[in-house]
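Undergrad: Just so you know, the protein sequences line up as chains F and Z, in that order.
So the number in this note's numbering is just where the residue sits in the first sequence, counting from 1, plus 334.
So the number in this note's numbering is just where the residue sits in the second sequence, counting from 1, plus 334.
I should point out that these hints are in silico values taken from the structure, not numbers from a laboratory.
There's no promise every hint is true.
Pairs involving identical chains hold if they fit within one copy or between any two copies, as the list cannot separate such chains.
The calculated lysine-lysine pairs, modelled on DSSO-like cross-linking and capped at a C-alpha distance of 27 Å, are [to be verified]:
1) Lys432 / Lys507
2) Lys507 / Lys437
3) Lys433 / Lys483
4) Lys437 / Lys483
5) Lys435 / Lys483
6) Lys385 / Lys542
2 protein chains.
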Amino acid sequence: MSKVPVIEIFGPTMQGEGMVIGQKTMFVRTAGCDYACSWCDSSFTWDGSGKHLIVQMTAEDIWTELKRVGGNRFSFVTISGGNPALLSNLGALVAILKKNKIKIGVETQGSKWQDWLYDIDELTISPKPPSSGMTTDFSMLSTILEKLKIRNGDQHMSLKIVIFNQEDYEYAKDVHQRYPDIPLYLQVGNDDITTSDTGQLANHLLAKYEMLIDQVMMDEQLNDVKVLPQLHTLIWGNKRGV
Amino acid sequence: MSKVPVIEIFGPTMQGEGMVIGQKTMFVRTAGCDYACSWCDSSFTWDGSGKHLIVQMTAEDIWTELKRVGGNRFSFVTISGGNPALLSNLGALVAILKKNKIKIGVETQGSKWQDWLYDIDELTISPKPPSSGMTTDFSMLSTILEKLKIRNGDQHMSLKIVIFNQEDYEYAKDVHQRYPDIPLYLQVGNDDITTSDTGQLANHLLAKYEMLIDQVMMDEQLNDVKVLPQLHTLIWGNKRGV
Ligand code: SF4
Ligand code: SF4
Chain F
335 MSKVPVIEIF GPTMQGEGMV IGQKTMFVRT AGCDYACSWC DSSFTWDGSG KHLIVQMTAE
395 DIWTELKRVG GNRFSFVTIS GGNPALLSNL GALVAILKKN KIKIGVETQG SKWQDWLYDI
455 DELTISPKPP SSGMTTDFSM LSTILEKLKI RNGDQHMSLK IVIFNQEDYE YAKDVHQRYP
515 DIPLYLQVGN DDITTSDTGQ LANHLLAKYE MLIDQVMMDE QLNDVKVLPQ LHTLIWGNKR
575 GV
Chain Z
335 MSKVPVIEIF GPTMQGEGMV IGQKTMFVRT AGCDYACSWC DSSFTWDGSG KHLIVQMTAE
395 DIWTELKRVG GNRFSFVTIS GGNPALLSNL GALVAILKKN KIKIGVETQG SKWQDWLYDI
455 DELTISPKPP SSGMTTDFSM LSTILEKLKI RNGDQHMSLK IVIFNQEDYE YAKDVHQRYP
515 DIPLYLQVGN DDITTSDTGQ LANHLLAKYE MLIDQVMMDE QLNDVKVLPQ LHTLIWGNKR
575 GV
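Bound-form chain F, shown alone (with noise of 0.2 Å):
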């Protein structure tokens, strides 16, 4: 059977950000990434330092090690990178968890398409914002997007960007005007993601968090978003794997 490289599998735990915020889910993390974001809180998962964490599993590999760590306790499992989109054969995965009626949860950058995509509940579609370092292929993007729209009520997708500086802010926009029927998440970006004093990290981000509430709030173009922090970092600051 065909292996994928995993980084990390844990839960449950709530999931802190985006679309399903709040939501108990176990967490799959995959190996390798496209991208390289200069802020990336998972870089781990690309830069070579978490190279000895990474294992190849099958798809039944995976289940067996959800149902090992996270017993009876789960209903939702969320799968995350790196950017899980490089996997095509992370659906056999996918098909596992439907068969056996998990809800499942992905974010990804929206730079590759996988079909098994068309099968998540909760897809969120994360275009990074200039001071990523990064480029959006915009053709890319409207491409995967509109794929999407096929799918039934049942299932949901969301854009989320998240905001370092004004010049990300007006990204956020032009996505939105681009994609205006798409739900937008905002998200506060975190820029100390190497400090161990959680309180003091946590009263940062809500404050940044504030500014950029009181933004959007006085711009017109940014009427049908939502707005949110990372609450994981808000609790837990910089921990993994929590």
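Position chain Z with the ligands against the provided structure of chain F, taking the given hints into account.
TA: Relative to the frame of chain F, chain Z with the ligands by itself:
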């Protein structure tokens, strides 16, 4: 034209809790409640202390005021209380908002039915747990939830329960067992609704939030749930009208 008692109109601001957490929205807060929860954070809507703020308004008056305050900076209106479901003639406001393509959110405790509830895009039913001092009429709640099943796929509803103690937690489990197919939001109760030290309150509530998460993550009977704080309280503390 028939009038409704309105106690506050403000925004746009960010919806701090529940199924549309983070949403940019205007708020219309109606006066009057059939409950008197021990920890009500909007008791000025029903306990007489906000009596001088109540204005009897037609639906047209409310729409005019929403446009005056919010300009072109909103596409979503939240109707809150008190219990807005006490007011049959809110239907006229709902109709005006729909005609103007404004999405509508409502929160009500599920003690009263009104036909205009059929037309709410994002409807939160928040039965009150034991710590409130109130008793849930489950037969009425079931009737309401049954009626709402016929709505279309673009309309959403959820149950939301605020948790202050272990008894509330057990109540939430009971509600989830009664209505397993309705999305359930668990919310950390704010047990200090008078302090003006926002920073300390935020830290206190984040610690309580973490404890609630820990409990839910271990619990096989609460799998398909979302656990959330009140974001507005983390940012603005107990301030009103933000
Ligand atoms: S796309 Fe995501 S995982 Fe890849 S580098 Fe950027 S932030 Fe990191
Ligand atoms: S139902 Fe809501 S508004 Fe009414 S008393 Fe309880 S908390 Fe307050």
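Undergrad: Checked against the structure, which of the hints given earlier come out wrong?
TA: 6
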